[in-house]
Amino acid sequence: AQKVTQAQTEISVVEKEDVTLDCVYETRDTTYYLFWYKQPPSGELVFLIRRNSFDEQNEISGRYSWNFQKSTSSFNFTITASQVVDSAVYFCALGLSGTASKLTFGTGTRLQVTL
Amino acid sequence: GAVVSQHPSWVICKSGTSVKIECRSLDFQATTMFWYRQFPKQSLMLMATSNEGSKATYEQGVEKDKFLINHASLTLSTLTVTSAHPEDSSFYICSAATYGTRTEQFFGPGTRLTVL
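Heads up: the protein sequence lines correspond to chains Z and S, in order.
All letters in the first sequence, in the order written, are residues 1 to 115 by my numbering.
All letters in the second sequence, in the order written, are residues 1 to 116 by my numbering.
Derived by calculation from the structure, the hints in this document are not laboratory data.
Cβ coordinates follow ideal geometry from the N, Cα and C atoms, glycine included.
Certain hints may be false.
[Stated by the list, open to error] Some, not all, of what chain Z presents toward chain S, calculated at C-beta under 7 Å:
| id | residue |
| --- | --- |
| 1 | Pro-40 |
| 2 | Pro-41 |
| 3 | Glu-44 |
| 4 | Phe-68 |
| 5 | Leu-96 |
| 6 | Ala-100 |
| 7 | Lys-102 |
| 8 | Thr-107 |
[What the hints assert, rightly or not] Which bits of chain S does chain Z cover? Going by a derived footprint, with three or more residues having C-beta under 8 Å, they are:
| id | stretch |
| --- | --- |
| 9 | 17 to 23 |
| 10 | 73 to 84 |
[As the list claims (entries may be wrong)] Only pairs whose alpha carbons sit at most 25 Å apart, straight line, appear in this in silico SDA-like list of lysine to any residue:
| id | chain 1 | residue 1 | chain 2 | residue 2 |
| --- | --- | --- | --- | --- |
| 11 | Z | Lys-38 | S | Ser-15 |
| 12 | S | Lys-41 | Z | Glu-26 |
| 13 | Z | Lys-3 | S | Ser-43 |
| 14 | Z | Lys-3 | S | Ser-15 |
| 15 | Z | Lys-3 | S | Thr-57 |
| 16 | S | Lys-41 | Z | Pro-40 |
| 17 | S | Lys-66 | S | Tyr-99 |
Kindly produce the complete structure, drawing on both the sequences and the hints.
Written out as structure tokens, the structure reads:
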């Protein structure tokens, strides 16, 4: 069975601080996909990134970066120079059957960025 | 990206009534649609997978007679909560998957159900 753990329930930072959201996953499959989604108060999920298990390259997109390490089964997400608009709940998710498979979500990390 | 809509965006109903939620893929054909449920301050939990033209596959613990899913076309799936009770109050989110040259899934905006 697969599992996604986001140990940080809630994080509070001051604007411009860097923050890292942790994600640890469990699966016996060798092929899988990892995702990060942002859920603002409106509730709609915003897709941030997708990674397949064969691509361990780290990725940077603006202030966002992701560190995928198969050795530790982790897919951590860092926001650099956080902004108030980054306040949301962030979910890490795991899919087994391809990029359009059903997802197992972590419990989410609520990020609060204050002035 | 592709667009998935849900209707209604929110609904309030009385206990014992049935509520239908629609999930539509607006600009692509979705062979598969997933229905998730999210209780307040909790994670998304998959309820069922629906494939066009066939019966939905429900996750363990989800009552198929209570949560009726119909995926009659490649652009529409419906979730009907039958005889709704206050404990069914939740945020229901669908996602639609497209396969082929571009295999992706896209989430709808969600439907907030409140049962009084």
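Next item on the list: Would you check the hint for Z:Lys-3 and S:Ser-15, treating anything up to 25 Å between C-alpha atoms as holding?
Entry: Status violated; Cα separation ~34 Å.
Checklist line | Status of the hint placing Z:Leu-96 at chain S (closest C-beta pair under 7 Å) | finding: Status violated, d = 12 Å.
Check: How about Z:Ala-100: closest beta carbon in chain S under 7 Å, or not?
Finding: holds, 4 Å
Check: Is S:Lys-66 within 25 Å of S:Tyr-99, Cα to Cα?
Finding: Given that 25 Å is the threshold and the Cα spacing comes to 29 Å, the pair is violated.
Note to self: Does the closest beta carbon of chain S sit nearer than 7 Å to the beta carbon of Z:Thr-107?
What the structure shows: Result: holds, 5 Å to nearest chain S Cβ.
Note to self: Does S:Ser-15 sit within 25 Å of Z:Lys-38, going by the straight-line distance between their CA atoms?
What the structure shows: Violated - the C-alpha atoms of S:Ser-15 and Z:Lys-38 are around 32 Å apart, more than 25 Å.
Margin query: The hint names Z:Phe-68 as touching chain S; please verify it with the least Cβ-Cβ distance against 7 Å.
Written below: violated, 20 Å
Checklist line | Hint consistency between S:Lys-41 and Z:Pro-40 [alpha-carbon to alpha-carbon, up to 25 Å] | finding: holds, 12 Å
Check: Taking the least C-beta to C-beta distance, is Z:Glu-44 closer than 7 Å to chain S?
Finding: Holds: closest Cβ of chain S sits about 4 Å from Z:Glu-44, inside 7 Å.
Notebook entry, point to check: Z:Lys-3 and S:Thr-57: Cα distance at most 25 Å?
Noted result: holds, 20 Å
Note to self: Quick check on Z:Pro-40 please, does its C-beta sit within 7 Å of some C-beta on chain S?
What the structure shows: With Cβ-Cβ at 11 Å, over 7 Å, it is violated.
Item checked: Satisfaction of the Z:Lys-102 interface hint, Cβ to chain S closer than 7 Å -> holds, 5 Å
Comparing the model with each earlier hint shows violations of hints 1, 2, 4, 5, 9, 10, 11, 14, 17; every other hint is respected.
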